[in-house]
Amino acid sequence: MQYEILSRPAASAAKLTLDAGESVTCEVGAMIAMSAGFTVETTSRKKGGGGGLIKGLKRILAGENLFLNHFTATAPNQTLIIGPGLLGDIIHHPMKGGTVVVQGSSWLASGIGIDIDATWQGLGKALFSGERMFWVKCSGSGDLFLNSFGAIYPVDVAGEYVVDTGHIVAFEDTLQFHIGKASKSLVGSFLGGEGLVCKFSGQGRLYCQTHNPPNFGKLLGPKLKPR
Amino acid sequence: MTIEFLCGSCQKHYRVKDELAGKRAKCQQCGATIEIPVPPAVDPQAEAAAPLSPTAPPRPVGMPSSSENIRGSGDFEFEISQRPDFALVTVKLQPGQKVFAEPSAMASMDPCITLQAGFKGGLKRTLGRALGGESLIINTFTATGAPGEVTFAAGQPGDAAHYRLKGGALYLQRGAFMLHGEGVDLTGKWQGAKGFFSGEGLVLLKASGNGDLFFNSYGAILPVDVTDQYIVDTGYIVAFEDTLQYRVSVLPGLRAGGTLKTLFFGAEGLVCRFSGQGRVWIQTRHVHPFLAWVNPFRPAKSN
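As you go down the protein sequences, you meet chains A and B in turn. Residue numbering for the first sequence follows the working numbering, beginning at 1 and increasing consecutively. Residue numbering for the second sequence follows the working numbering, beginning at 1 and increasing consecutively.
It should be emphasised that the hints constitute simulated quantities derived from the structure, not laboratory data. Quick reminder that beta carbons are idealized off the backbone N, C-alpha and C, glycines included. Hints are supplied without guarantee of correctness; some may be wrong.
Unchecked claim - Computed Cβ-Cβ distance ranges for the label pairs, DEER-style:
{"id": "1", "chain 1": "B", "residue 1": "GLY22", "chain 2": "A", "residue 2": "PRO222", "range": "30 to 36 Å"}
{"id": "2", "chain 1": "B", "residue 1": "SER73", "chain 2": "A", "residue 2": "GLY180", "range": "58 to 64 Å"}
{"id": "3", "chain 1": "B", "residue 1": "SER73", "chain 2": "A", "residue 2": "GLY113", "range": "37 to 43 Å"}
{"id": "4", "chain 1": "A", "residue 1": "ASN77", "chain 2": "B", "residue 2": "ARG24", "range": "54 to 60 Å"}
{"id": "5", "chain 1": "A", "residue 1": "PRO222", "chain 2": "B", "residue 2": "THR114", "range": "20 to 26 Å"}
{"id": "6", "chain 1": "A", "residue 1": "PRO222", "chain 2": "B", "residue 2": "ALA292", "range": "15 to 21 Å"}
{"id": "7", "chain 1": "B", "residue 1": "THR114", "chain 2": "A", "residue 2": "ALA75", "range": "51 to 57 Å"}
{"id": "8", "chain 1": "A", "residue 1": "SER141", "chain 2": "B", "residue 2": "ALA169", "range": "46 to 52 Å"}
{"id": "9", "chain 1": "A", "residue 1": "ALA20", "chain 2": "B", "residue 2": "GLN245", "range": "24 to 30 Å"}
{"id": "10", "chain 1": "A", "residue 1": "ALA75", "chain 2": "B", "residue 2": "ALA169", "range": "28 to 34 Å"}
What the hints assert, rightly or not - Using 20 Å as the maximum straight-line C-alpha spacing, the simulated EDC-like pairs for lysine to aspartate or glutamate come out as follows:
{"id": "11", "chain 1": "B", "residue 1": "LYS12", "chain 2": "A", "residue 2": "ASP173"}
{"id": "12", "chain 1": "A", "residue 1": "LYS15", "chain 2": "B", "residue 2": "ASP225"}
{"id": "13", "chain 1": "A", "residue 1": "LYS15", "chain 2": "B", "residue 2": "ASP85"}
{"id": "14", "chain 1": "B", "residue 1": "LYS92", "chain 2": "B", "residue 2": "GLU149"}
{"id": "15", "chain 1": "B", "residue 1": "LYS26", "chain 2": "A", "residue 2": "GLU4"}
{"id": "16", "chain 1": "B", "residue 1": "LYS206", "chain 2": "B", "residue 2": "ASP242"}
{"id": "17", "chain 1": "B", "residue 1": "LYS12", "chain 2": "A", "residue 2": "ASP19"}
{"id": "18", "chain 1": "A", "residue 1": "LYS15", "chain 2": "B", "residue 2": "GLU149"}
{"id": "19", "chain 1": "A", "residue 1": "LYS15", "chain 2": "B", "residue 2": "ASP242"}
{"id": "20", "chain 1": "B", "residue 1": "LYS189", "chain 2": "B", "residue 2": "GLU241"}
{"id": "21", "chain 1": "B", "residue 1": "LYS12", "chain 2": "A", "residue 2": "ASP156"}
{"id": "22", "chain 1": "A", "residue 1": "LYS96", "chain 2": "A", "residue 2": "ASP156"}
{"id": "23", "chain 1": "B", "residue 1": "LYS12", "chain 2": "A", "residue 2": "ASP117"}
Chain B extracted, bound-state conformation (with noise of 0.2 Å):
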């Protein structure tokens, strides 16, 4: 028996003795590291039923996956699973205990689970978190009798992140936030003529306070910490810190002695440039493109 494998950087197509599952080793072409896979289990009458054929493309038992559960404890213990795809956030509320989520949110749940909906924080906050793009209501889900678990996934297929406020502030892109826990404040936020340029929204949602808060994006999320100055594409935003400034400008191209071509021509449009310290997160994908591709294929309209 050998085991097959790709290299997850490269490729390049590997056969191994079995002895090897598990072990790590160098790529021969591009010389990253290679975890060798251990090989499931296979049924040797599927096997046989199935021969590879000289030419079939390798079985890429070894495909690297960012798809590792996020497990934690705030106010709760919680966990994010079927990561970055269709990403799935697990509460475990002690009895009493209260999550706060945005509506339709919620997967599934405990029977001693209660759901309320309604306006929460009064008029002013319920209106800026509309402005933010986020529903007027608010779902309360509250653990009563007993410990239970809910779950919550976006509408989108994406990924999920878990932040956990002490005192500081973060800044939500439209649509962004899912849920929080108790002693977690959200607004809209007037973000003034920088968000008439972002192209995403006039109104950030802003959370603040203690507590936990998880929120979601198209793609997968990558945070970055920033440690002097960042760049990041307006329709790639998901989260940052209040402790980073952020203005938004056209590439450094254009500035630095380039020339106008690349806000017209370059399709890069604007861009946010964070400076100070703090973390962004940023999603791998964002909606307008699928928009954009999947128009040609409406059907047109018959006179």
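So here's chain A without its partners, still in its complex pose (with noise of 0.2 Å):
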């Protein structure tokens, strides 16, 4: 598979080529356009069967679709564009087995050699971390595409290094993180206004996304008609 990433940051895209036979998993709805030469399938499970219902309602969870939708190439040479629903960029990480932890909303495609499941992060940082309780564990190796709120951008965590709530897309697994305060106090830390804060550990690779999604809404939703 091929790939091109188009009219980044904000309006970004992926346009993904393949050749018959290949095939890729797509978030529900990000199709945008295709060649005719594509088959579509819409199953709950990974291609090829694995996973099933439970890791279908786990995704949901995780802010996903239940369903995954596969396209298949039938003929050489096909292009697919996909894109995320919201203003933002598109981000691809070659997989070479490991895991990467990915954030409810920011998983938009990967190849079939990647195995996508929900986690449960812990009480802690569900409730704290600004993001969903569950996130979503991609793990084997191919082609992953992560979209964001804003613009991407890679961090290589080598120690420790400190993320806003709310700023995450994704980390490799060989971090860690905890929920801390900001600065020394607490009452310092949400008077800054940045309160909890997280902190990661260990060595990999981490991607932060420039905006915050519940900022934008909370300062649109005042602004509209009661629903």
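With the hints as a guide, bring both chains together as one complex.
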């Protein structure tokens, strides 16, 4: 599979080129346009079995859809254009074994060699990380496409790194994180508007997003008519 | 001094010598060709004030951009700048030349330009445009006495594109019309049952004649040359040439022995299947997902 990420960073779309027999699994609703030589299959499981309903239900908790769309090219050189719903960037992460933990709605698409599951990060992180209770766990090898709200920037963590809640896109599971205060005093942390932060430690790649979706939602919400 | 940049496709971080600025190289990780960016002149004091910690994100100097300006000339010179997120169309009119734009599209203009609002093309055309999701009123901008510039921008953040009509016709999705030059005829075109199923509107705008046309989108615009068949989700079509035939259907999975699930649970819903030879313009975003996302943030009605 060849790929190209177009019109970055705010209106990014990924253009994937597949050869006959190649498949890609996409988030439901991600397809913008495609060549005519694709078959599309909607299942609640990984392409070719595995997973099944329980994993599908866990994906719902992680903010993704129960169903996955599998696009399989039936002719050579077929192109598929995919994109997320909101304004933001797309990033390609090549996986060679190992596991990447992805924030709820940031998973966009992956090759069929990647297994998609939901993972529970523990109660403290679930309540205070500013993210969903469950995260999407991608493991295996192949191409992984992630999307963000705002632009994405990668950080290679070696040692420690602090990210504000709501700004995490994904991280390799060789990294651990815990919830902590932004400054030494708890009062100071909240007065500074940063509240609690995610403190990462270990060695690995971390992807952050420049904007925090709930902050934008809270700005718009009060100006809209009540529902 | 070293230059730090990221590979445009796999984001691998590189640090190279200054002398290599502007050269091309192959990414060691993914094999993509990268142009080594020329670093902007940095104020050494500012640099010292904000030292990069070892774990700080590498500066995205080499981020690729599709923000190239589009320049050209038809009946008049034009430029589309600030692409793809905040496209601004600048047209340069010679004395006596006119452009016709949708209301409130004008952003700024020279004092020699006169603006006249009015119905254009009689009752039938006017109503046709209204059904096509555009305003009844069309603003006419005329350069009087001296050449002058007018700039236009859409209400939403997004891209804009130019199309030169040469006797053919172009169909525009609801709300995509921005402005046109002299010689272009704009009317609503009933699409029959196809329009009903496309979910975007029963009437498409049809532009025909000889002249310049500009249209806009939400998100970036990608042109696709269709040579045989091409499938686009109905919400992402901006415009297409009338040499293309189209029909609204469900994703191919459903027909090729697939299951009904693709339609009901796959959420890709209905797609437009283009066939023939011609160009279709697609947008990379559409507003409905944004509206669905913002909805939960609305305050709850208090009883």
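Inset, instruction - Below or equal to 20 Å on CA atoms is what counts here, so check LYS12(B) against ASP19(A). - result: violated, 26 Å
Inset, instruction - Decide if the proposed pair is consistent with the structure: LYS15(A) and GLU149(B), CA atoms, cutoff 20 Å inclusive. - result: Status violated; Cα separation ~36 Å.
Legend entry - Proposed proximity, ASP117(A) with LYS12(B) (alpha carbon, max 20 Å): violated, 26 Å
Legend entry - Holds or violated: LYS15(A) to ASP242(B), with C-alpha atoms at most 20 Å apart: With a Cα-Cα distance of about 25 Å, the restraint between LYS15(A) and ASP242(B) is violated, given a limit of 20 Å.
Inset, instruction - Assess, step by step, whether the Cα of LYS12(B) is no farther than 20 Å from the Cα of ASP173(A), and give holds or violated. - result: holds, 19 Å
Legend entry - ALA169(B) and ALA75(A) - C-beta distance against the hinted 28 to 34 Å: Hint holds: Cβ distance 31 Å, inside 28 to 34 Å.
Inset, instruction - With respect to the beta-carbon atoms only, verify the hint that ALA20(A) and GLN245(B) lie 24 to 30 Å apart. - result: The hinted range 24 to 30 Å holds for ALA20(A) and GLN245(B), with Cβ atoms some 26 Å apart.
Inset, instruction - Return holds or violated for the Cβ distance of PRO222(A) and ALA292(B) against the range 15 to 21 Å. - result: Holds - the Cβ-Cβ distance for PRO222(A) and ALA292(B), about 19 Å, lies within 15 to 21 Å.
Legend entry - 20 Å limit on alpha-carbon distance, applied to hinted pair LYS96(A) and ASP156(A): holds, 17 Å
Legend entry - Straight-line alpha-carbon gap LYS15(A) to ASP85(B), limit 20 Å: holds, 18 Å
Legend entry - Proposed proximity, GLU241(B) with LYS189(B) (alpha carbon, max 20 Å): holds, 14 Å
Inset, instruction - Assess, step by step, whether the Cα of LYS12(B) is no farther than 20 Å from the Cα of ASP156(A), and give holds or violated. - result: Given that 20 Å is the threshold and the Cα spacing comes to 10 Å, the pair holds.
When held up to the earlier numbered hints, the structure conflicts with 1, 3, 4, 5, 17, 18, 19, 23 and fits the remainder.
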